[in-house]
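Protein chains in written order, with this note's numbering: chain A, 1 to 496; chain B, 1 to 166.
You may find that some hints are simply not true.
Unchecked claim - Dumping the calculated DSS-like pairs for lysine-lysine here, alpha-carbon to alpha-carbon at most 25 Å:
hint, chain 1, residue 1, chain 2, residue 2
1, A, K384, B, K2
2, A, K492, B, K127
3, A, K221, B, K4
4, A, K493, B, K57
5, A, K160, B, K127
6, B, K67, A, K492
7, B, K88, A, K492
8, B, K57, A, K488
9, A, K491, B, K64
10, A, K244, A, K284
11, B, K2, A, K488
12, A, K221, B, K57
Note that these hints are calculated values from the structure, not bench results.
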Amino acid sequence: MDFGMALLTVLRPLNLFFITIGVLGGIVVGAIPGLTATLAISLLIPFTFGMDPVPALIMLIGIYCGGIYGGSITAILIHTPGTPGAAATVLDGYPLAQQGKAGKALGIAVIASFIGGTISAVIMIFLSPIISSWALKFSSAEYFSLALFGLTVIFSISEKSILKGTISGMFGLLLSTVGLDYIVPYARFTFGIDSLIIGFPILPAIIGLFAVTEVLRLFEKPDETIEVPKIRLKGVIPTWDETKKLIPIYLKSSLIGTFIGALPGTGANIASFISYGEARRCSKTPENFGTGMIEGVAASEAANNAVTGGALIPMLTLGIPGDAVTAVLLGALTIQGLQPGPLLFREHMDVINPLFSGLIVANIIMLLAGLFGAMLFARIASLKRRLLIPLVAIFSLLGAFAAEGSFAHMLIAFGFGIVGYFLNRNGFPLAPIALSLILGPIAETSFRTALIRSQGSISIFFTRPISLVFIALSILSVLIVLIRRNVKIFKKKKNN
Amino acid sequence: MKIKDLVIGCLFLFISCLFFIATFSFPTPPVQAAGPAFWPQIMSITLGVFALVLISKSIYELKKEKKASIIKIKKNSKKRDTVTEGIKRPVMGMMATGLFISLLHYFGFIIGIVTYFIIITIILNPKYSWKRLTLTIIQASILIITIYFLFGEFLNINLPTGIVFN
Numbered sequence: 001m002d003f004g005m006a007l008l009t010v011l012r013p014l015n016l017f018f019i020t021i022g023v024l025g026g027i028v029v030g031a032i033p034g035l036t037a038t039l040a041i042s043l044l045i046p047f048t049f050g051m052d053p054v055p056a057l058i059m060l061i062g063i064y065c066g067g068i069y070g071g072s073i074t075a076i077l078i079h080t081p082g083t084p085g086a087a088a089t090v091l092d093g094y095p096l097a098q099q100g101k102a103g104k105a106l107g108i109a110v111i112a113s114f115i116g117g118t119i120s121a122v123i124m125i126f127l128s129p130i131i132s133s134w135a136l137k138f139s140s141a142e143y144f145s146l147a148l149f150g151l152t153v154i155f156s157i158s159e160k161s162i163l164k165g166t167i168s169g170m171f172g173l174l175l176s177t178v179g180l181d182y183i184v185p186y187a188r189f190t191f192g193i194d195s196l197i198i199g200f201p202i203l204p205a206i207i208g209l210f211a212v213t214e215v216l217r218l219f220e221k222p223d224e225t226i227e228v229p230k231i232r233l234k235g236v237i238p239t240w241d242e243t244k245k246l247i248p249i250y251l252k253s254s255l256i257g258t259f260i261g262a263l264p265g266t267g268a269n270i271a272s273f274i275s276y277g278e279a280r281r282c283s284k285t286p287e288n289f290g291t292g293m294i295e296g297v298a299a300s301e302a303a304n305n306a307v308t309g310g311a312l313i314p315m316l317t318l319g320i321p322g323d324a325v326t327a328v329l330l331g332a333l334t335i336q337g338l339q340p341g342p343l344l345f346r347e348h349m350d351v352i353n354p355l356f357s358g359l360i361v362a363n364i365i366m367l368l369a370g371l372f373g374a375m376l377f378a379r380i381a382s383l384k385r386r387l388l389i390p391l392v393a394i395f396s397l398l399g400a401f402a403a404e405g406s407f408a409h410m411l412i413a414f415g416f417g418i419v420g421y422f423l424n425r426n427g428f429p430l431a432p433i434a435l436s437l438i439l440g441p442i443a444e445t446s447f448r449t450a451l452i453r454s455q456g457s458i459s460i461f462f463t464r465p466i467s468l469v470f471i472a473l474s475i476l477s478v479l480i481v482l483i484r485r486n487v488k489i490f491k492k493k494k495n496n
Numbered sequence: 001m002k003i004k005d006l007v008i009g010c011l012f013l014f015i016s017c018l019f020f021i022a023t024f025s026f027p028t029p030p031v032q033a034a035g036p037a038f039w040p041q042i043m044s045i046t047l048g049v050f051a052l053v054l055i056s057k058s059i060y061e062l063k064k065e066k067k068a069s070i071i072k073i074k075k076n077s078k079k080r081d082t083v084t085e086g087i088k089r090p091v092m093g094m095m096a097t098g099l100f101i102s103l104l105h106y107f108g109f110i111i112g113i114v115t116y117f118i119i120i121t122i123i124l125n126p127k128y129s130w131k132r133l134t135l136t137i138i139q140a141s142i143l144i145i146t147i148y149f150l151f152g153e154f155l156n157i158n159l160p161t162g163i164v165f166n
């Protein structure tokens with residue numbers, strides 16, 4: 001299926017309906033502070049089980065796009081970023097709203113998000129086949145090194161404590177060994193429970209970690225509400241002079257966002273802050289940043305939405321998720337019987353091409369929805385938590401059940417939710433557990449297969465150039481995190 | 001917080017020991033360099049080591065905290081009360097969710113959802129009124145109809161019907 005045909009497939013009424021629902025739902029969830037695209041996708045994946053792969057995946061892609069953009073609405077209107085990626089948007093978006101220019105800020109935010117998302121989608125379309133055809137040469141040694149590199153993400157996403165993040169990751173790796181061994185048919189760590197023979201299924205585990213945990217967290221402060229001011233938006237579409245001024249920022253921030261998105265363990269928040277900093281550095285009036293500069297909003301929003309296309313590149317071509325959202329999306333592909341990685345581009349172009357064009361269509365729908373309905377989304381986002389709690393709980397548990405009609409899966413989701421809640425409450429990040437559950441089996445199987453091929457010699461990982469490069473990158477990425485952290489501690493001590 | 005870290009560290013140490021000991025019964029294929037026990041053993045040892053680091057870090061910081069003044073301890077105990085208070089509702093939520101799963105299993109999604117909605121309303125608002133309760137039942141009914149038609153009929157998703165009614 002070529003790209004034109006794929007675009008026509010996406011534009012079929014039913015597919016267009018699903019992608020629109022995805023984008024609109026994503027914007028609403030993204031606008032609610034505390035709820036993220038990860039949660040929305042993990043809630044909806046099980047319900048896509050009975051759907052064809054194309055509508056199912058484009059709907060989830062729509063949620064991803066909408067979810068990242070949605071965070072900017074509450075960031076601009078009420079000084080509370082709906083998602084971490086919109087944190088930099090607050091800096092200039094909220095002052096603009098206070099100056100009576102909320103319409104302008106929201107308009108620029110959605111246009112920047114559209115440009116960022118579309119540019120990253122185009123880059124993804126051109127780069128992915130190249131990377132996947134290169135990855136076809138990978139043997140088990142390269143796959144192990146690649147999985148190892150993917151696992152180093154744990155260090156960079158362990159925001160507060162690297163020790164706790166590492167423990168979470170190791171715990172996830174240990175849990176990933178439960179069930180039948182992939183090489184020798186032997187059931188490990190089942191402790192007499194029959195349903196554990198297949199191990200911990202990814203989907204219920206992810207639903208438990210992200211959705212059930214969130215429900216339990218919402219129980220802590222059920223009375224919190226979002227107060228959205230009643231204002232009429234004016235000047236949503238920027239003038240030609242403003243547009244001319246913003247074009248270089250849109251382009252540069254989109255490239256920054258795509259590049260950062262493709263690096264494992266980074267994400268929308270890092271991309272938006274780096275891009276914001278770059279826009280400020282290049283500005284003739286850097287001192288005005290933070291007081292309501294449209295350039296600040298444009299830089300942050302173009303970069304955070306450009307992360308979407310960038311983050312999908314390693315996930316689709318190598319089967320390595322770079323963050324929690326792509327880890328969940330990887331689960332969505334698996335549930336549809338598709339194995340992310342180089343073979344996906346050889347065997348399933350009928351799904352890949354519509355997925356690519358779906359990302360572009362999702363960005364167009366997001367642009368229209370943002371230009372004409374930003375205030376409406378803000379109102380829907382102020383839904384009372386008392387209603388939100390049972391809704392999320394019911395959808396997540398029914399979702400865990402739905403995929404295979406199994407109560408054991410529901411119990412696994414519930415169990416992971418309880419464990420996740422207590423760990424998260426004590427500062428242990430949950431994304432490392434999800435990443436380890438996905439990457440653990442890949443790492444173990446390829447490690448042992450490589451050892452069988454090399455007759456027990458570990459030199460196989462160091463003598464093959466690509467494997468060596470990934471091992472070097474793994475060491476480098478751990479070192480960068482440790483150095484960055486130590487510099488931060490040193491600066492803090494110096495300031496005190 | 002340090003006491004909690006200590007407890008969680010001990011729990012992880014226990015888990016790692018449990019998994020490590022369990023690997024002793026795994027078969028060791030003679031021709032393979034790494035059998036089914038190899039990878040879990042590495043993982044459990046690494047988890048154990050990091051758990052030990054967390055435990056020693058917590059003990060060291062607890063010792064440092066002991067040196068703090070009585071006033072500080074008093075302040076901390078107040079903080080601890082707030083922490084326990086904050087966990088009350090989530091624990092009740094866990095119990096309600098556990099009950100919801102049992103209800104789904106035995107009586108299916110219609111009875112399960114209505115009951116869960118009512119219990120959650122009571123947990124979140126102990127001063128509930130009959131008016132609120134009626135509103136909750138209406139909300140639950142709308143949700144049930146939506147779930148039935150959207151997921152059951154339109155998307156062909158399995159919905160739990162309950163073993164009692166089967």
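**Message:** Going through the numbered hints above, which ones does this structure break? Give me the numbers in ascending order.
**Reply:** As far as the earlier hints go, 1, 2, 5, 7, 12 are violated by this structure, in ascending order.
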